[in-house]
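S.K.: The primary structure of each chain is shown beneath.
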Amino acid sequence: MAVITAMNVCKSYGHLQVLKDINLEIQKGEVVCIIGPSGSGKTTFLRCINQLEKINGGSLWVNGNLTGYRIVGERLLELDEHEIARQRRATGMVFQRFNLFSHLTAQQNVSLGPVEVLGQSPKLAASQALELLDRVGLAHKAGAYPAELSGGQQQRVAIARALAMKPDVLLFDEPTSALDPELVGEVLKVMKEVAESGITMVVATHELNFARDVSHRVVFMADGRIVEVGKPDDILRNPQEPRLQKFLSAIATAPRPESADVAVSALGQAL
Amino acid sequence: MSAETLSGPRLGVSEVTLPGIDVATATRIRRFKPWRLLQLALAVGFLVFIVNAFAKAQIEWPVVGQYLFAPSVFIGLGFTVLMTVVSMVIGLIVAVMVAVGFGSHNFVVRWIAKSYVWLFRGTPLLLQLLLWFNMALVFPAIGLPGIGYKPTVELMTPFIGAAIGLGLNAGAYMSEIIRAGLLSVDTGQYEAAKAIGMTRGKALRKVIFPQAMRVIIPPIGNEFIGMTKSTSLASVIGFSEMLFVVQSIYFNNFRVIELLIVAAVWYLVVTTLLSIGQHYLEQRFGRGFGTGRH
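Chains as they are written, first to last, in UniProt numbering: chain A, 1 to 271; chain B, 1 to 294.
Simulated from the structure, these hints should not be mistaken for laboratory data.
For glycine and all other residues, C-beta sits at the position ideal for the given N, C-alpha and C.
Among the clues, some could well be false.
[Stated by the list, open to error] Listed next, with one range per pair, are the computed distances between beta-carbon atoms:
id, chain 1, residue 1, chain 2, residue 2, range
1, B, LEU119, A, ARG70, 39 to 45 Å
2, B, LEU127, A, GLY143, 25 to 31 Å
3, A, GLU81, B, PRO71, 52 to 58 Å
4, B, HIS105, A, GLY29, 33 to 39 Å
5, B, GLY277, A, GLY29, 53 to 59 Å
6, A, GLY143, B, ALA57, 56 to 62 Å
7, A, LEU124, B, TRP111, 41 to 47 Å
8, A, VAL72, B, LEU119, 41 to 47 Å
9, A, LEU16, B, ILE142, 22 to 28 Å
10, B, THR157, A, GLY73, 54 to 60 Å
[Stated by the list, open to error] Residues from chain A that keep clear of chain B, each with C-beta distances beyond 12 Å, as calculated:
id, residue
11, ASN65
12, ASP80
13, GLU131
14, GLU207
15, ASN209
Can you build the whole structure from these sequences, using the hints too?
M.R.: The following block contains the structure:
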């Protein structure tokens, strides 16, 4: 069963077309990575799926429900704010810049949604929040405020917060792009574990290793279009489209993170 | 640290000429700041001048003591505090509605919010108080169809006139403070709240306002203290707050300075208590944000 269906999705800001005719179907339990250069529309596409952005054309379906509208006879009736909020519960979002609620502790960040949106009892939500924090390896930081956590820890709390709403699909918007290099690993590890639990995931990312190891399918986007879709090995090792070939070779010739690590450790020894 | 490790060629500091002393253990001498002494001397001198002036003036300090705890002064003080609280509550409610209205998608709501601020910020407070008190000249009677009407003169007592006038005027100023507070919260917080299925109202209440409070409280505390003193303007429409009371006393006994000192003392007491309250509120809403010291 398809959890997400995008049919001819278009999105533009004024004259700037950000998404052009996106067609994609994502099945239940699938982990899909979206790769592509900056400005290719990866983030916008994710934001359209959970209606942080409104699409200008085509249709987006989550769990078989048309997003943003209700079908009344032959016509589409725009949903009101409450109905959109209800539809959003099906999708959990992890942001590039974490966006943890700064005035709440890690545990309160995770339990806020279940209490305020799902109407769970605060006691139950608090204990479930603790379990989720334990799952991302941060039970000992339950009482810490976001400002007291590292970027990697904040992002792990953000993943726990998204999981707490028990969404049908988790959307990750470049979850490691704002992190210091040495903190990327811990977040990817948690994401891998979440993926193995069988939840549907859509990940916009620049981490090609993660895409290769964890995802079932890789989508390559450029200039607002889906250029190529396929199994990770096919996309990353045997690209067909010239635009994808160019993208991958540009990444391959960039300085490798490993060599940077070697330089850092050499410097450390020298000191 | 010995000189050899410091001048190791690997770190590129070999060209630094090390002085012949041990920098790590040498005594450090604090810099002398002559300006501070001058500031202190000026402050002390000014204080002596003021105290001397008051001591030499013909002020009957026993009279001050006598009226400081007079029942009539206490009643005036009570009305001052009551009016401060009532008009601030009105002002805050209006200010929150206006500030939220500024961010509405509905242009009619935005337009109403903007017009309100334009009108009430653009005319003097004293004029507004007089207008409200004399509302009977515009609307002779107020009421609802089917329920009945009452003459405006009876409804618009000095208390009601002052509460509405002060409250609505403060609301116009405070709406800008609250709007600034809402703008200070990162849009990512709003998006995260929406992403977990919150509506705009719930996101404002549970996520945005608690964080905006940190920015809102210091200027609102300022407004609160300002309002304590602005209530004295209501004496012109016959509201018997503290200044009105002490004025009526010194019109009879001519102890002008003594009674003004009495009022000043009580205003200072109230504003000091408010400042202390503000300090605790700031701590309460500053959680998760550090001390704010730079």
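S.K.: Confirm or reject each hint.
M.R.: The hints, checked one at a time:
1. In this structure the hint that LEU119 (chain B) and ARG70 (chain A) lie 39 to 45 Å apart at CB holds, the actual value being about 41 Å.
2. One distance hint, 25 to 31 Å for the beta-carbon pair LEU127 (chain B) and GLY143 (chain A), is violated here, with the actual separation near 53 Å.
3. For GLU81 (chain A) paired with PRO71 (chain B), a C-beta distance near 55 Å keeps the hint of 52 to 58 Å intact.
4. For the hinted restraint 33 to 39 Å between HIS105 (chain B) and GLY29 (chain A), the CB-CB distance of approximately 37 Å keeps it satisfied.
5. About 55 Å separates the C-beta atoms of GLY277 (chain B) and GLY29 (chain A), a value consistent with the hinted range of 53 to 59 Å.
6. For the hinted restraint 56 to 62 Å between GLY143 (chain A) and ALA57 (chain B), the CB-CB distance of approximately 59 Å keeps it satisfied.
7. For LEU124 (chain A) and TRP111 (chain B), the hinted distance range of 41 to 47 Å is satisfied, since their beta carbons lie about 45 Å from each other.
8. Checked against the given bound of 41 to 47 Å, the beta carbons of VAL72 (chain A) and LEU119 (chain B), roughly 43 Å apart, stay inside it.
9. With their beta carbons about 55 Å apart, LEU16 (chain A) and ILE142 (chain B) fall outside the hinted range of 22 to 28 Å.
10. A hinted range of 54 to 60 Å for the beta carbons of THR157 (chain B) and GLY73 (chain A) is consistent with their spacing of about 59 Å.
11. Consistency note on ASN65 (chain A): stated as away from chain B, and its beta-carbon is indeed over 12 Å from all of that chain's, at 14 Å minimum.
12. Its closest Cβ contact with chain B, about 9 Å, brings ASP80 (chain A) to no more than 12 Å, contrary to its assignment away from the interface.
13. Its beta-carbon lying about 18 Å from the closest one in chain B, GLU131 (chain A) satisfies the requirement of being farther than 12 Å from that chain.
14. In this structure GLU207 (chain A) is separated from chain B by more than 12 Å, as the shortest Cβ-Cβ distance comes to about 21 Å.
15. With a least CB separation of 27 Å from chain B, ASN209 (chain A) remains clear of the 12 Å interface cut-off, as annotated.
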